[in-house]
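Chains as they are written, first to last, in my numbering: chain A, 1 to 301; chain B, 1 to 561; chain C, 1 to 802.
Hint data in this document are derived by calculation from the structure and do not stem from the laboratory. As the structure is a computational prediction, the values presented were derived from the model and not from experiment. Any given hint might turn out to be false.
As the list claims (entries may be wrong) - Chain B regions said to be covered by chain A (calculated; three or more residues, Cβ under 8 Å):
no. : stretch
1   : 61 to 70
2   : 124 to 131
3   : 137 to 151
4   : 172 to 181
5   : 203 to 210
6   : 253 to 259
As the list claims (entries may be wrong) - One-sided and incomplete, this derived list gives chain A residues near chain C with beta-carbon spacing under 10 Å:
no. : residue
7   : H8
8   : I63
9   : R66
10  : R138
11  : E152
Backbone N, C-alpha and C define an ideal beta-carbon position, used for all residues, glycine too.
Below, each chain spelled out in residue letters.
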Amino acid sequence: MHDSLLTHAKSRYLWISLALCVVSIILYVWHDPGIAPNGGSWLGYTLGTVAALLIVWLMLFGIRKRSYSTTIGTTLGWLSAHVYLGTALILIALLHCGFQFGWNLHTLTLVLMLLVIFSGFFGVYTYLRYPTLMTRNRESATRDAMLEEIEEIDQNALSLADGIAPEIHGVVLRSIENTRLGGGVWTQLRARDGSDIAISRVRAAIEKRETQIGGPPPAMQAGQTMLVMVDFLAGQADDKQSEALRKLIDMLSRKRSLASRVARDIQYQAIMEIWLYIHVPLSVTLLAALVGHIISVFFYW
Amino acid sequence: MRWLIRRVLKKSTSSLSYEDDIHFGDVLTIGRASDQAIFLPDLRAALNHASISALGNGKYRIESLIVAGIRVNGEITYSTTVGAGAVIELGSTRLTLLDIRGDFDAAVEVSTIDKSEQAAIVSRRKKPTNLSQTWISKRWPSWLGFFLVLGFGLLLPATTHIVPGLNKILRYSPLPSTAFWNPGEIDSAHQFFAKDCTRCHQHPFLMVRDKACTTCHKNTKAHADPAKFNIPALGDARCGTCHQDHNGKRGMVSTDQRLCADCHADLKERTQGASAIVDVSDFGSAHPQFHVNLPGWSADDQFTPKSMPWSSGLKENSGLKFNHEKHLDSKGLNTPDGRKFLSCANCHEPEAGGAAMKPIAFEGMCHECHKLGFDTLAPDREVPHANAAAVTYTLNEFYSQRGLEGGYSDARAPTIVQQRRRPGSPPLSRQEQVEALAWARDRAQEAAKTLFTGKACVTCHSVSPPAAGKDIWRVAPVRVSGIWYAKARFSHAKHQTNDCVDCHAGAAKSEASNDLLIPGIENCKECHAGAYAKGMVASTCIACHGYHVSPELTLDKRSQK
Amino acid sequence: MAERFKIAIVGSGPGGLSAAARAAERNESHVLLEAEPHLSNTIFQYQKGKFVMDEPGILPLRSPIPFEAGLRETILGAWDDATTRLKVNVRHQHEVSAIKRRDDGIFEIKCKNGQSIEAEAVVLGIGLQGNLRKLGVAGEDLPFVQYQLDDPEAYEGETIVVVGAGDAAIENAVALAKQNNVVIVNRKDEFGRAKKGNEAAILKAIEDGTIECYYNSAPEKVEALSAGRKPGRMILNTANGRAQILLDRVIARLGATAPRGFVEGCGVVFPNKDPASVPAISAQYESNVKGLYIVGALGGYPLIKQAMNQGYEVVEYITGTAVEPADAPLLKAKFTNLKGIGSVDQALAQIQKNVPVLSHITPLQMREFMLDSDIRTPAEGEVIFERNDYTNSFYSIVEGEVRIAVEGRPAPVILRRGDFFGEMSLISGRRRSATVTAGANCIMVETPRRSMNKLINSVEAVKAEIDRVFIIRAIQSRFASEANAAQLAEMASHATLQRFKAGEYVFKEGDEGDSLHLVRIGSLTISRLIGGKDIVLTYVAAGNYVGEMALMGESSRSASARAAIATETIRLDGKAFKQLISRIPALKLRLQKEFKERTAANLAMQAMPGGGDIISFLMAQGAGEATDILLIDESLCVRCDNCEKACAETHGGTSRLDREAGPTFANVHVPTSCRHCEHPHCMKDCPPDALRRAPNGEVFITDNCIGCGNCERNCPYGVIHMASKPPKKPGLLQWLLLGRGPGPGEAPYDPKATKDPKAKKAVKCDMCKDQAGGAACVRACPTGAAIRISPEEFPTYAQSRR
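Bound-form chain A, shown alone (with noise of 0.2 Å):
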């Protein structure tokens, strides 16, 4: 039924790649050209040829991708061919070389293919690994029902709260101003969030009070708006403040775990499409040295 694209059609890639890396071999081995092996001899340019094909190829399937009504091929069979060709490349690419390195435009379009091909196998890594734990976190809702819940919370922390006593309505006042999702590259890379900590230091300030020790709270932290709470309920509130008090908390760690949840879910995504950012622009920039590596080749000849 669903195949992934390291199985699609029982790997046929994989082996074609594998047989391209043979025959190559082969002919390495077998070919000696008199003096040291290099990109002149003419295996060296046959590989080179090859690799340079190859190289355009791959790069074709960005277009490919958004091609939408060609029929050559599926997608699917297209990207499962561009990771195993793709990977195919490195050998080729060296045994064309005939690992002679040296600071000049050559070398350097080497790395640049070596860096294109490492982030694309982070891509490959991230496609799959990301999406089941993607699915996992959402637990079946979208990101849009889980923000659009937090904002219901909100609304109603803030008329729960307006009935316990203006400081703490205040407080959520400003936890709600505070309360930012997504952000910068960074921001959404590393989901981070404090709320556990913070939930936890509530939980145990509440059963401080009710047995009867009235500690002073904890250092102002992440979780200032609960500590502040905490405070509160430490201080004047009589019972039925204190039970709407519980709940609010309770409003407020459902909508913090909802927010992490939220913020793991931007990080996965981003995730998944950082690589691209690196790969995409590192393969146009190596589709420039390729072009100056094969002029400059025949321009001095």
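Using the hints, position chains B and C against chain A.
Frame of chain A; chains B and C shown alone:
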């Protein structure tokens, strides 16, 4: 203090109406409590949320009375001083501070932010939840990288080809020059112009022309004259075909045997018989018998060695009589100064460079035993070697003197020659002189005869008596071909680890000097084989043969056309 | 003494209006009675600026008033002009309450406003929408009191009172609450009448305080205010006393009175209780009540142009001028390839004579029927349809014969003149069960699914006949290979049709096995109680039979069969069946073989209960009625939305698929996209019959869609929406390289869109039937997460997911 509070009432989508009222007091309180000057029935406002106080001259101070702070001009603040026109947003209400107007001390406009606008504001405040909404992009970095690499990697170096001076400048700048294109280290011989690519790569997109090489290597011989041998491959063969640079300091001669074999495997067809050279493709498997140069003389006694395929028992004729066995006798030889044991090296000395052997010289090697004396009464006198005329002259001169001065105690000589002259005795009479000289002539002729035919010359040389009316004996010329294998490069030096007999096995046993003691191909093949030899010395053509062997044509001439 | 007219026309819709206009043109004495203060209310209530189509294009318009496709405003304007120009005698605010035919043949027409009118002939053009209920209190007609809502966006910052507790009221209230203060007034103390979704929405809104709600309250009166900020106020009777609301606007959504009751009140009879059925009317549009004519939607002609033509014609008929119906040339055209038949009417008569099943229907229905149908004269041996085609049109043989190649039957079944075929797919909504080839000189009528269903619903006799034949053939196709005609007939005599609602049990595990069920419509799930949990073993699609196990081996049911969706089965009596198999060893053997296979399959499923869960999950998503459903494996889906982009790109900029929405179970995600149901809900009510099913089963929308939005409303899966065609997009490279123009999947910016609204048409997934490579969403998925499968594959699928 009189505040003007202007409420903006929105009737429908378009129409607006205002409603002013006045507030007395120096601060304007904002909040959800009913006692507030500006009363906001909105959960997002605290009971008493904030206060505004007019500082006069159109300045206002806004203070938040709760921890949440208040949003002024889009920023959350706790207390700030702003001018007229500042906007406070609180839930669904917008307060705009106005210039002082009329006889009021301060003025504020209260308008509601309708739900759609609130939504807009919220969505505007939303942080991006997706990388595509952030600043990073794939497009501009791609273009950047593309043009950077293309510009500095290709275009800049390429321009140096058009702008002459540029390359020099670039080399002393951090910017990439054509050196950035250099695929590998340049051969040591070329190092001193390595920095200038155009020395060799003269025309872009053309392979390095031979002209570039022959500017220096002008006298290097060509291989063969394409004019004679119509082999396309020969015409195409560039210097670069065999000599590829950029493969490191260590030389750049390709010893690949295919370079030769490609043509020589079937040279006859290629040249439609123009070439007489035998087809050869691999020393081990497909190499013909060597052709050895044997000494020979043309009709007019010119030395013209003739080349013929080597075969065992092939005889040569150097004109010399020599018996190797006798000389290499293991029991040694009797010599004037005692018994002597000879080895090859006594006569065959390597010449400087050690490739070939010095020619054998009579004086240094034979004369020690083979004396050229002719008169027992004067055992020390000898005739000179290798000049028949000189020999005759010496003898005549010697005996004439003896005859005239007398005292030559030989019974068979006339008395006039035997008797000794006393001091003061009268000089010989005319008739006595004639007698003495006649003797001398006969004696000299006799001595010559014995020298040539008897004890001396004839041992090593073939001798024939003087022509009629002449008195000079004739000795046949002696000459070894010197370079036996003209087409190949053989060096004794490279084979010093071997004994002479390893190759020249016959020498010890050879009694006649016309035995050919030069080994043939089989002998070499004992150690050497072709390029793909296993367990032997892998020798490609270049090991013995040269490529630049054209007798007359030099590369620069060839590359002229 | 009430005033009298020759022709009284009730309802100023296209039909009525055109009739009145024609009458006026002919100077007949006439009156046009319209309940509303404006003409043709139904179209008047179209959304502002809605583009009205004039399907069917082929039909010529004959009417004194003009009509061509255009904006609602221009059309209404043209009609108003025409009415005044022709001096049509319109009586607005005259809502007719009763029409009675006196013995002297004169009609007495009573209006709500007390007026009473007499007429010799009555034309009913009241359509199907019925009359909107009004507040029924003082001030119900004030300018700020309205009974429908075009565009919630149009109002903001207002205080709006919405009266009503139905879906319409709730949807309006919620929409308005976005930028207004909304108060909803509910006579009862809950919103029981509303759909679940709407109920949840309104309760949440009330909870959040975005909407204020008065329960158990009814408006007492509405008044306009001259002073103050608000133009009016409403006095409410609430449970605890009166309340007053200052307001800008009142929107009352109290539903409409369905016309059927009224029509029946006039003495007109309907063929059956089916709400879709229409009263039988003659070729002259005359109902069973003499002198009472019915035109337009009420008569079963939903399209504007049809109605107008009828309005014109009906006046001609009443005044006794014979006129050839507008559709005559069309019909003639249809009969051209039919030689030796005279006029259209003769041809129709001939067909009815030859085909018994059509003999029961009125000439007008016959005309309508033929208008939709095609006459086919296939050459001998020509294939009419292949087995497993997804066509579902209905064929009646007028002359000659056809051969039906039934599975596992050497000789083909021969059907002759008067027989019909194709009813199986028509009813089950599934692929053709056999291949049919034309016999010698064969003439037949091919009728599309829609008009055939219309016929079946409105003519009882037709339904009965078709059902009878269906049963016999169903049994034949199952057991014919072994049993002979007599035995089959006997079986058929014991067969009965049974209906099951979704989730209803056909039989329960452990029941006495007394019958065998052939699934006729819908599908069943077979489940077994394992560890107190109902484990779904497999899925039985229409055309298969269940319950034979109990009859073969043990006598009690080994598993429960439940209707996955609304299902119809043919129940075969157990005893008769047992006799049959006892008499026919061959049949017994075959059944035993199938029996073994099924048991094996069931055991396989039992071995892995998870799989069963997946099936039941899919069933819960209504996959039971699907023929092809898009599934996404969320363990592979990288959320790149390439599927949506592909869909949009291959379908002019609008995606028919929402990946994120929809439930997920065990990493199987059912996105919001069309499942191409066996009996597509969207097809139910499409005026121009624009929804079709392609031979491969794709349900798609043809270009003659009039954008009425019925399908959007009817689709329970919310996969149809209205969109107008976006302009051409620039090339991909422009965006790829320069970021110019819209990216893949983004609709191109259309500057004209705001100014002149282009025709909005319904769009839905057509499974890319015009794309060479098949469904673009699946082909565009880079990780293989998206697949399309049909319910038959569910068991295999479930096993592949363990």
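Evaluation of the provided hints:
{"no.": "1", "hint": "61 to 70", "verdict": "holds (count 4)"}
{"no.": "2", "hint": "124 to 131", "verdict": "holds (count 6)"}
{"no.": "3", "hint": "137 to 151", "verdict": "holds (count 12)"}
{"no.": "4", "hint": "172 to 181", "verdict": "holds (count 5)"}
{"no.": "5", "hint": "203 to 210", "verdict": "holds (count 5)"}
{"no.": "6", "hint": "253 to 259", "verdict": "holds (count 5)"}
{"no.": "7", "hint": "H8", "verdict": "6 Å, holds"}
{"no.": "8", "hint": "I63", "verdict": "7 Å, holds"}
{"no.": "9", "hint": "R66", "verdict": "5 Å, holds"}
{"no.": "10", "hint": "R138", "verdict": "8 Å, holds"}
{"no.": "11", "hint": "E152", "verdict": "7 Å, holds"}
Violation of the numbered hints given earlier is absent; every hint is satisfied by the structure.
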